[in-house]
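Asker: Quick mapping for you: the protein sequence lines, in order, are chains P and H. If you use my numbering, the first sequence corresponds to residues 1 to 335, in order. If you use my numbering, the second sequence corresponds to residues 336 to 670, in order.
One-sided and incomplete, this derived list gives chain H residues near chain P with beta-carbon spacing under 8 angstroms:
1. Leu484
2. Pro550
3. Leu570
4. Lys573
5. Glu576
6. Asn581
7. Lys584
8. Ile598
9. Ala600
10. Lys605
11. Val613
Label-pair restraints from in silico Cβ distances:
12. P:Val47 to H:Gln472: 43 to 49 angstroms
13. P:Gly184 to H:Ser405: 15 to 21 angstroms
14. H:Glu665 to P:Lys172: 53 to 59 angstroms
15. P:Gly184 to H:Asp657: 32 to 38 angstroms
16. P:Gly301 to H:Lys537: 24 to 30 angstroms
17. H:Asp522 to P:Glu154: 30 to 36 angstroms
18. H:Lys588 to P:Lys118: 42 to 48 angstroms
19. H:Ala534 to P:Asn325: 45 to 51 angstroms
20. H:Asp657 to P:Glu203: 52 to 58 angstroms
21. H:Glu485 to P:Val47: 46 to 52 angstroms
22. H:Gln472 to P:Lys172: 41 to 47 angstroms
The hints are simulated quantities; they were obtained by calculation from the structure and are not laboratory data. Glycine included, C-beta positions come from ideal geometry on N, C-alpha and C.
Number of protein chains: 2
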Amino acid sequence: MKYKIAFDFNGNDLGTLECLYASIQFLKENPDYLIYAVGNEEEIIAVLSQIKDNEVKKRLLIVNNLAVPSDKKNVRKSLHEKTSMSDCFDLLTNKEADAVLSAGDSGILLSMATLKAKRLDNVARPAFMPIVPTINQSKFFLLDAGANLETKAEYLQDWAIIANAFAKVLLKIDNPRVALINIGTEDYKGTQVIQEAQALLKENQNINYVGFQEPRDLLAGSCDVALIDGYGGNLMLKSTEGAIKNFAKLLKKNLLASFITKIGALLSKKAFKTTAEVLDYRSVGAAWVIGVNALVAKAHGASDRKAFYNALKQIKLALENDILNKIKNELGIDV
Amino acid sequence: MKYKIAFDFNGNDLGTLECLYASIQFLKENPDYLIYAVGNEEEIIAVLSQIKDNEVKKRLLIVNNLAVPSDKKNVRKSLHEKTSMSDCFDLLTNKEADAVLSAGDSGILLSMATLKAKRLDNVARPAFMPIVPTINQSKFFLLDAGANLETKAEYLQDWAIIANAFAKVLLKIDNPRVALINIGTEDYKGTQVIQEAQALLKENQNINYVGFQEPRDLLAGSCDVALIDGYGGNLMLKSTEGAIKNFAKLLKKNLLASFITKIGALLSKKAFKTTAEVLDYRSVGAAWVIGVNALVAKAHGASDRKAFYNALKQIKLALENDILNKIKNELGIDV
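With the sequences and hints as input, model every part of the structure.
Answerer: Next up, the structure:
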């Protein structure tokens, strides 16, 4: 096989089957790929036995490991346990896999990626970078979305360089607009760290730095790379998710409140569906662990088969565009 | 007059008229009130001359002052300038007004409130506290929403006590649910500060502390008081605002995309309108500067007449419920 993905089937909210269905669909459509399904062999086999497509079954290699971290709070301990996640990284470091996909604990995934795949030279701290859909059908990268509660100006600059490379390849944008997210757009606003980061980014000739932006306009596509500390990024992401979810919920309730609006809802159903789908984080699939010497994707804990499938598609894009070497190039690392 | 409000007409995006129309409407409905309109006398008089209701005009006292801070970045300098905002606080400290309403710069308003109205005893740092509407028609207080980029556990506890009192009076809830907003609900998650704050709130017998909450469920009404540092609170608020605005925008576009959905939109118009109105921050009006020995309300910079009117209504509720003395009571301050 040309490309091999190590997929951690454990540690997600909806269980083995969602991972499996996503894998099968992906493998059917992508004959060049092989997936290591690392998880509950018994559950996987029970479903696979009902599938007749032997060609696809051949490209799904099961690695039986039901173990998840015994104590999520204890990251150090988790790193030394033989879990499905650590198996995935072993496949990676043994060159048996080209990328890892997991919906397991973010903190442990990040630490394990750092420990096993190693940090990239010149990069101080890895980060989490989800792709967020906008109302213009465009997408932007938000980072850090939760790996580093606190940050330094240099980290933000490292992340800018990497996300810039990701945006060029995955979003197909020649000159991505890179913004620092702040509590105001005025130059004097924000913490010492963000002030320093702004100075660094203004100096950087390879980055199209567009200044401070507030979270308000991001979903309208105001930038391609939105930089922030992991604490703020995480709050933004979950606020956005909650706002959309609850707005849609209330609208649905109000549409069902009268006969006339019910008819209206029926006729305008397609518009709702399209809107919800466009802004659904599941349609884009996963966050990247960036700053490590490997392709590591983190799926949302609540991912369903659609989310996992889209995460696999993102990995495919990254692999086929040789993104890791492009990033090393941008960072001036010998490849 | 029983109640007097000093209203800063300057420093907002939409200008004098929105403040004026809101004041006139409010005064018409509330014969017990007097408003000091501190701003551009010429503009105010031009409109007032067209109004026939002399009784209302008598209760709108114009204080001519066009000045706004000459340099917003320089808070210290701004505090010593004779601006419309400082005039409002002079009316307050001279006991000519019972409350201040302004849409001017947050940082300056906070500093001026602290300097002129003074901090409440036992309270380390004032904060901004907007009321946020939920999809259940309930509301919750979010604080700090931007006054203190960084916080200490003790500040969060102070704010919890004050917001708790506000919630009892303004939201009419006997035992408000107080939550700390965090990047995860697990007990071990978050910064040192939030861990310490959790310990303090768990010990406090007068607070119904309900634990860590993520931003995701707030709009579903998961708590009555949401506590967070000003940096995170500000990002949350603007993310929520942006998500709703952009979701609605996309939905509108999709509804206009076909003949059928256009008809559907027409029939379900009422449901959209209700939904947008319920979640519109303008329907609730203003944030409070809390922790100072006065009632100080901060309207959104982009407030229109509806927003200002609702801010005035909030102030009315606070005044008529004697909230400041209730807070002092809760804090064990002699009144």
